[in-house]
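Engineer: So you can see what is in the structure, the chains are spelled out below.
Number of protein chains: 2
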Amino acid sequence: MPRWKPDAVERLQTAALELFGEQGFERTTVAEIAQRAELTQRTFFNHFADKREVLFGMSSELQQEVVREVAAGAGSSPPLDTVLRALEVVADKMFESRRAVVARRHAVIAANPELQERELGKNAALTDAIAAALQEQGCEPATAFLAAGAAMLAQQAAFQQWTRLDETRTLRELLPDAVRALRTTVEG
Amino acid sequence: MPRWKPDAVERLQTAALELFGEQGFERTTVAEIAQRAELTQRTFFNHFADKREVLFGMSSELQQEVVREVAAGAGSSPPLDTVLRALEVVADKMFESRRAVVARRHAVIAANPELQERELGKNAALTDAIAAALQEQGCEPATAFLAAGAAMLAQQAAFQQWTRLDETRTLRELLPDAVRALRTTVEG
Numbered sequence: 091m092p093r094w095k096p097d098a099v100e101r102l103q104t105a106a107l108e109l110f111g112e113q114g115f116e117r118t119t120v121a122e123i124a125q126r127a128e129l130t131q132r133t134f135f136n137h138f139a140d141k142r143e144v145l146f147g148m149s150s151e152l153q154q155e156v157v158r159e160v161a162a163g164a165g166s167s168p169p170l171d172t173v174l175r176a177l178e179v180v181a182d183k184m185f186e187s188r189r190a191v192v193a194r195r196h197a198v199i200a201a202n203p204e205l206q207e208r209e210l211g212k213n214a215a216l217t218d219a220i221a222a223a224l225q226e227q228g229c230e231p232a233t234a235f236l237a238a239g240a241a242m243l244a245q246q247a248a249f250q251q252w253t254r255l256d257e258t259r260t261l262r263e264l265l266p267d268a269v270r271a272l273r274t275t276v277e278g
Numbered sequence: 091m092p093r094w095k096p097d098a099v100e101r102l103q104t105a106a107l108e109l110f111g112e113q114g115f116e117r118t119t120v121a122e123i124a125q126r127a128e129l130t131q132r133t134f135f136n137h138f139a140d141k142r143e144v145l146f147g148m149s150s151e152l153q154q155e156v157v158r159e160v161a162a163g164a165g166s167s168p169p170l171d172t173v174l175r176a177l178e179v180v181a182d183k184m185f186e187s188r189r190a191v192v193a194r195r196h197a198v199i200a201a202n203p204e205l206q207e208r209e210l211g212k213n214a215a216l217t218d219a220i221a222a223a224l225q226e227q228g229c230e231p232a233t234a235f236l237a238a239g240a241a242m243l244a245q246q247a248a249f250q251q252w253t254r255l256d257e258t259r260t261l262r263e264l265l266p267d268a269v270r271a272l273r274t275t276v277e278g
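Those sequence lines, one after another, are chains A and B.
Numbering of the first sequence is given in my numbering, commencing with residue 91 and proceeding in unit increments.
Numbering of the second sequence is given in my numbering, commencing with residue 91 and proceeding in unit increments.
FYI, nobody ran anything at the bench for these hints, they're computed from the structure.
This one's a predicted model, so the numbers in the text were calculated from it and none came from an experiment.
Incorrect hints may have been included.
Said to hold, decoys possible - Below, a list of computed lysine-lysine pairs in the BS3-like style, where the Cα atoms sit at most 30 Å apart:
(1) A:LYS183 / A:LYS212
(2) A:LYS212 / A:LYS141
(3) B:LYS212 / B:LYS183
(4) B:LYS183 / A:LYS183
(5) A:LYS212 / B:LYS212
(6) B:LYS212 / B:LYS141
(7) A:LYS141 / B:LYS212
(8) A:LYS183 / A:LYS141
(9) B:LYS141 / B:LYS183
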């Protein structure tokens with residue numbers, strides 16, 4: 091058996107999410123995760139600072155991708171559309187191929203109030219970063235705040251639908267529906 | 091000096107917020123808060139479980155008030171309007187007379203990532219509770235989620251404006267402006 095495992099990150103993530111789901115996040119140790127993945131703890135720590143990092147390690151990459159897309163698209167269309175197009179691109183790139191992992195991660199976080207707060211913090215940071223990116227393109231602060239918040243709200247609605255077992259549409263496909271529903275709700 | 095102090099809660103809150111602002115939340119002890127308020131630690135613990143409770147003790151009362159107002163108003167108007175009217179009533183009742191305290195609390199939380207996450211958790215719980223109250227009145231889950239989220243987004247925009255030093259309008263007065271701005275942003 092070769093010692094070099096190209097899919098180590100994925101195996102560790104899968105093992106961790108399985109164990110978090112089975113026995114809870116708090117009760118799961120790095121030793122157990124490594125054992126389940128048939129890797130060493132050393133390999134785990136080569137890729138993750140701790141077990142929390144398995145859940146939130148992607149957040150900064152996600153934020154960078156979204157901000158880059160917003161910056162690339164800003165100025166040419168209304169701010170909300172700019173953000174939505176960025177979220178669509180990133181949905182395809184970072185979510186669609188990992189549907190099972192993303193859904194499992196979501197379930198683990200939903201089961202633990204502390205992790206939920208951390209996730210809310212990451213989402214708030216992403217919203218702030220989107221608003222900042224819009225402002226850099228000349229959008230007014232108040233409008234940037236509302237466009238970023240509204241886009242994230244639509245994204246969350248689409249995401250909730252996407253993580254349902256019986257849902258077959260992609261997240262990108264679900265986003266426009268969520269935006270239409272948001273428009274209807276806000277127009278009253 | 092009488093031992094019974096009718097304004098003990100307010101004095102403890104003011105003292106705590108002053109100290110949190112001066113030296114940070116983490117570095118402030120209950121002993122210091124009690125001393126600043128010229129009260130005993132025993133009195134502090136009669137009113138608050140810990141120093142965090144000074145910041146978040148109002149959250150459950152706030153949630154109860156908002157949910158009651160939503161339940162009272164639901165069904166007669168579009169869901170978003172129902173929530174906005176509830177937030178207006180509660181803004182007058184729980185925020186307006188305590189502007190300085192609320193603004194100071196906001197600044198303390200903004201300076202501490204852990205407190206920020208806690209605040210985000212409280213806001214998310216409030217949003218969920220509003221959505222649940224709308225659903226109990228027959229609103230569809232997806233619409234309830236979006237109406238609650240959109241109302242909270244407008245509330246946050248109004249709140250940001252309200253906590254500015256140069257702002258003299260009430261939070262209730264600022265809410266409709268925020269909603270109009272949200273409508274414009276979402277309509278594109």
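Engineer: Take the hints in turn and mark each one as holding or not.
Structural biologist: Hints and how they fare:
For the suggested pair LYS183 of chain A and LYS212 of chain A, the alpha carbons sit about 19 Å apart, so the restraint of at most 30 Å is met. Restraint check for LYS212 of chain A and LYS141 of chain A: satisfied, since their Cα atoms lie roughly 17 Å apart, inside the 30 Å limit. Between LYS212 of chain B and LYS183 of chain B the alpha-carbon distance is near 19 Å, which keeps this suggested pair within the 30 Å criterion. Distance restraint check for LYS183 of chain B and LYS183 of chain A: the Cα-Cα separation of roughly 47 Å exceeds the 30 Å cut-off, and the hinted pair is therefore not satisfied.
With a CA separation close to 15 Å, the supplied pair LYS212 of chain A and LYS212 of chain B stays within the 30 Å bound. This hinted pair checks out: LYS212 of chain B and LYS141 of chain B have alpha carbons roughly 16 Å apart, not beyond 30 Å. Restraint check for LYS141 of chain A and LYS212 of chain B: the C-alpha separation of about 25 Å stays at or below 30 Å, so the hint holds. A threshold of 30 Å between alpha carbons decides the hint, and for LYS183 of chain A with LYS141 of chain A the separation of about 24 Å falls inside it, so the pair holds.
Pair hint LYS141 of chain B plus LYS183 of chain B holds up; C-alpha atoms about 24 Å apart against a cutoff of 30 Å.
Violated hint: 4 only; the structure is consistent with all others.
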